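Q: Next come the chains, spelled out residue by residue.
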Amino acid sequence: MIEMILNGLEISVERGTTLLEAARFYGIEIPTLCYDESLSPIGACRLCLVEIGPAGRSRLVSGCTYPAQKGLEIRTHSKRVMEARKLLIEMYLATCPSSKTIQDLASKHHVTRVRFKQKHEECILCGLCARMCEEQMQAKAIEFIGRGADLRISTFFDKKSEDCRYCGGCMYICPVCEARCQGPQEKDPVCNACLNLEPPCLDQFQDAMCYMDPCVACEQGEEPIKLSDDKE
Amino acid sequence: MRSLQQKIKTVADLFQLQERLKAEQPVDKRYIAVCGDTGCSVWGSKSIKDVFQECLEYKGLEGQVDIKFTGCLGLCESGPVVIICPEQVFYQKVKEEDVQEIVEKTVQQGEVIERLLYQDTASGQKYVYMDEIPFYEKQQRILMGDNLKIDPTSIYDYLALGGYRALARALTKMTPLDIIEEVKQSKLRGRGGAGFSAGNKWKECYDMNADTKYMICNADEGDPGAFMDRSLLEGNPHSVLEGLMIGGYAVGANEGIIYVRAEYPTAVEKIKQALGQAEELGLLGANILGSGFDFQISVTIGAGAFVSGETSAMIASIEGRVGEPRQKPPRLAQRGLWRRPTVVNNVESLANVPYIIREGTRYRQTGTEKSKGTKIFSLVGKVVNTGLVEVPLGLTLREIIFEIGGGIKDGKNFKAVQTGGPSGGCLPEYLLDTPTDFEELNDVGSMMGSGGMIVMDEETCMVDVARYFLRFLRDESCGKCFSCREGIIRMLEIVDDITEGTGTPGHIELLRELAGVVKDSTLCGLGQTSANPVLSTLRYFEDEYWSHIKDKKCPGRVCKALIRFTIDQQNCTGCGVCLKNCPEEAISGEKKEAHVINPELCSRCGICLDKCKFDAIIKS
Amino acid sequence: MNQSFGVEQKNNFKGEQEHNNHSIITMLHEIQEEYNYLPENVLRELSKEKNVPLIDLYRVATFYSLFSLTPKGKHKIVTCTGTACHVRGSEKVTEEISRTLGIEPGETTEDGEYSLEAVNCLGACALAPLVVIDDQYHANMTPGQISSLLKESKKEMQQEEMQQEHMKSNCHCSRVPIGPKEK
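Protein chains in written order, with this note's numbering: chain A, 1 to 232; chain B, 1 to 620; chain C, 1 to 183.
One thing to keep in mind: the hints can contain errors.
To be verified - With a Cα cut of at most 20 Å, we get these calculated PhoX-like pairs of lysine-lysine:
id, chain 1, residue 1, chain 2, residue 2
1, B, Lys46, B, Lys126
2, C, Lys50, A, Lys140
3, B, Lys29, B, Lys105
4, A, Lys70, B, Lys519
5, B, Lys409, B, Lys126
6, B, Lys619, B, Lys552
7, B, Lys519, A, Lys79
8, B, Lys59, B, Lys29
9, A, Lys86, B, Lys519
10, B, Lys580, C, Lys151
11, B, Lys560, B, Lys519
12, A, Lys86, A, Lys108
13, B, Lys7, B, Lys22
14, B, Lys7, B, Lys184
15, A, Lys159, C, Lys48
16, B, Lys149, B, Lys22
17, B, Lys611, B, Lys580
18, C, Lys50, B, Lys611
19, C, Lys48, A, Lys140
20, B, Lys126, B, Lys149
21, C, Lys155, C, Lys76
22, B, Lys519, B, Lys328
23, C, Lys74, C, Lys154
24, B, Lys173, B, Lys184
By construction, these hints were calculated from the structure, which means they are not laboratory data. Since the model is a prediction, treat every value here as computed from it, not as a measurement.
The task is simple: from the sequences and hints, build the whole structure.
A: Pasting the structure below:
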């Protein structure tokens, strides 16, 4: 068993557990886009970032690919992590606004504006479809092709694949195409209709206190809840 | 060239051969060194060498005077370079027509030919000997100095200088731990960019229990503007091989791999040649020097991906996959190539190893407290003396650019120096006294990198520089991580807008925020440092950004959308050359009358400025 | 739960050492040397021979910029886009070549004569800006020199072609054809 410190809590997990699995096991909600329990993790979406290491020498790593290490200090909702997540979600919105998954993430993280030029892409290159095809369906008909800004998911020579069995697994697992946002058609690419959360405790404590989801206190108030300085 | 030599089976054999070679080639023997590196061969240095050969044969001197077609001798701007040794009379910009005169006057009679000497542009002074030239004076050419004495196609030249003695000492008089300790004490830090302690890396791999381990030499020199590794591989390949072998022995690896980028075919050729020679002589293979240590080296090439210089991406590439970096842990020393413990070292780092093993104490006397030894920098751009310089770490940027480099070309003013390639930053004039030290450069927002040092003058636009690097990184990013791929695209989008005159004040803040998040949230070094060009130019040249945004002006007069070409009506003679050459047919005018450029049609290509002999084209 | 750290594909190579000496990438280079690009049918053969999934070969071929899946031109023009070259004006040089030949970097002219590549640093920075035509290096280029450079090399190439034709025809005379008549 490996001992670590998760958000100040001393925890113990089995060897081979990733930080994301450890956090979820202890009830801490960490957003992901490219992660699925049944497929191998690749750390592409960067949403599951957590801060590890002692203060002053810490860095952000993707929790889904980082293995548990003895004595590791992990903060899943530090200010640095939350700020990064927020901007990343804003970038996702600016790329692919038609996905309900991404719109919900935006609402949850209080992303209310997009400061980038709006694109309307259909793919966020999370790779779930390719991994589904290879690992679960054992077909490997589609893969990442190209590099960098030209990266795309495609078949051999972009032609109709001889290996594809039309199982639909790729469409099933895709976080974009499976659930289009059905809400009111806003003028803005940002919807924010379904969920809303802005934790006032972040500035005060440098860590959000309510990472056990959901914390009802914030969701209901329009005024920031006053937090007393007395500890119980 | 010698005939096939008997194999070297023991250290005694090696020493014997070296004694013989030294006797045949005494240190004071006359020879002519002609630089054969790409920088000089483009100007015809190969035919110059051939003409020297013919001339010597014609005069019957070929037994008394040798010719060495060497690797890079450093001062590329003066190419083709010819140095008459042992005095080291330095001749620059030599042409075929000069050869006979050189042989007759300098080689035979010891006279100096004035017009071929290096001349300082500022003072007008001429210098005869290589060491006197300011370019070379402040350098400490531990690694590159040998290029002058070696024909890279001959292992015997390397042996005559004492080559492979370090290997002999390492294999027969030291244990792997001794070697690692020696390297640790010498504080050899990775010369490829990150500056990790080589000794620590080696120790970590040494500690792993495994049957098979790998030692990889990273010759994927992808930083644009850097060519030190290429010159080392082409000028003195055996020094790298020797370092690789000593490293392999230290960590417990029996196989070495040299990964060379495909854009360096000559380097690949020279390395393969050197490998063949080492094998033939028995210095590579089984039971080297009778020590019981087996080692073999193979060469593998890249295929045009900057990211494959990242160590985990390189391993993926060798395994036949795409060069995508992966997260660490597990570190390469624990699980690397084919899941075996692996160490990856840069070419220059390895070239330092034989010297450290032979003369560790001397090595430790060079450099600063935390950064010991020398570093080869490629000093290029708008500087007078472009080329490769090797200086003790700690020398300031000012000393390198002005005293060694001779200052800015064409009398222009210094604006910035860029170090560290696309992962580094641009530093302004008031930071010129920063010493070349890993930590100091990091502190000011740049980094040592692989050694590229690009000098920029007043005609460079810093926003354009940021745009250039972002474009480079966008093409080279592997694309896996959203933060890197999309982050770079968005940063480039903003900078593009600024260079096109459509930037807004909010952009600067957004750029800073975006750069910060990209730096924090990406998996590998390429992404993490991709924000550096933007961050450093914002830090030191923010006024240029505002100039583009508020005034819609480009101070460096580079950004196409913000400059105009006009014809000075006084100076124009109406010769019509510009009109003839304008690809957009934007110039009009009668013969012998001042011409005019139509700004609507002008595409700002600059050809007219190039062709005009009367200084009549103004770029504003 | 034992997860693998990152996607590591399964390789079916017999013996790492054999692969290190002759990797997939080296083999792709060899194929490209021979055919001037990577033809689909040859990739299929390679996939069968080395037991590598077809799509993985396609992935590798599209990832690395030196591989081309469409035939390259007979003559390759390479411009260096390294920093040193950029600072000395290589962008304008590339644009001028693009304009003259009518193709962008990465493309080949309609007649299959020229293909243009912009490479990230050739490592000969003292020669900036650098243009390489079929392994012939041309240093210190400016946009104004491009049209004459292209004309010169076209003449040289035609001369070389005529020479080769002459040799192939087994004519034993020692005359060397001068070249096509200037218009």
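Q: For each hint, tell me whether it holds in the structure or not.
A: Verification of the hints:
1. The hinted pair formed by Lys46/B and Lys126/B fails the criterion: a straight-line CA distance of about 26 Å is larger than 20 Å.
2. With a C-alpha separation of about 17 Å, the suggested pair Lys50/C and Lys140/A falls inside the 20 Å cut-off, and the hint holds.
3. In summary, the hint linking Lys29/B to Lys105/B is supported, as the alpha carbons are separated by about 17 Å, within the 20 Å threshold.
4. Distance restraint check for Lys70/A and Lys519/B: the Cα-Cα separation of roughly 26 Å exceeds the 20 Å cut-off, and the hinted pair is therefore not satisfied.
5. Taking the CA atoms of Lys409/B and Lys126/B, the gap is near 18 Å; set against the 20 Å cutoff, the hint holds.
6. A distance of roughly 15 Å separates the Cα atoms of Lys619/B and Lys552/B; the hinted pair therefore holds under the 20 Å criterion.
7. The straight-line distance between the Cα atoms of Lys519/B and Lys79/A is roughly 15 Å, inside the 20 Å bound, and the hint therefore holds.
8. The hinted pair formed by Lys59/B and Lys29/B meets the criterion: a straight-line CA distance of about 18 Å does not exceed 20 Å.
9. With a C-alpha separation of about 15 Å, the suggested pairing of Lys86/A with Lys519/B holds against the 20 Å cut-off.
10. For the suggested pair Lys580/B and Lys151/C, the alpha carbons sit about 17 Å apart, so the restraint of at most 20 Å is met.
11. For the proposed pair Lys560/B and Lys519/B, the alpha carbon gap of about 30 Å is over 20 Å, so the pair is violated.
12. Restraint check: the Cα-Cα separation between Lys86/A and Lys108/A comes to about 10 Å, which is no more than 20 Å; the hinted pair holds.
13. As the CA atoms of Lys7/B and Lys22/B are separated by approximately 18 Å, the hinted pair is consistent with the 20 Å bound.
14. Between the alpha carbons of Lys7/B and Lys184/B the distance comes to roughly 33 Å, so the proposed pair goes past 20 Å and is violated.
15. Among the hinted pairs, Lys159/A with Lys48/C is consistent with the structure: their alpha-carbon atoms are about 19 Å apart, no more than 20 Å.
16. Restraint check: the Cα-Cα separation between Lys149/B and Lys22/B comes to about 13 Å, which is no more than 20 Å; the hinted pair holds.
17. With a C-alpha separation of about 10 Å, the suggested pair Lys611/B and Lys580/B falls inside the 20 Å cut-off, and the hint holds.
18. Taking the CA atoms of Lys50/C and Lys611/B, the gap is near 56 Å; set against the 20 Å cutoff, the hint is violated.
19. Taking the CA atoms of Lys48/C and Lys140/A, the gap is about 16 Å. The hint holds against a cut of 20 Å.
20. Simply put, Lys126/B and Lys149/B have alpha-carbon atoms about 24 Å apart, too far for the 20 Å limit, and the pair is violated.
21. Note on Lys155/C and Lys76/C: the hinted pairing holds, with a Cα-Cα distance of about 15 Å set against a maximum of 20 Å.
22. The suggested pairing of Lys519/B with Lys328/B holds, with an alpha-carbon distance near 17 Å, which does not exceed 20 Å.
23. In summary, the hint linking Lys74/C to Lys154/C is supported, as the alpha carbons are separated by about 12 Å, within the 20 Å threshold.
24. With a C-alpha separation of about 18 Å, the suggested pairing of Lys173/B with Lys184/B holds against the 20 Å cut-off.
Of the numbered hints listed earlier, those contradicted by the structure are 1, 4, 11, 14, 18, 20.
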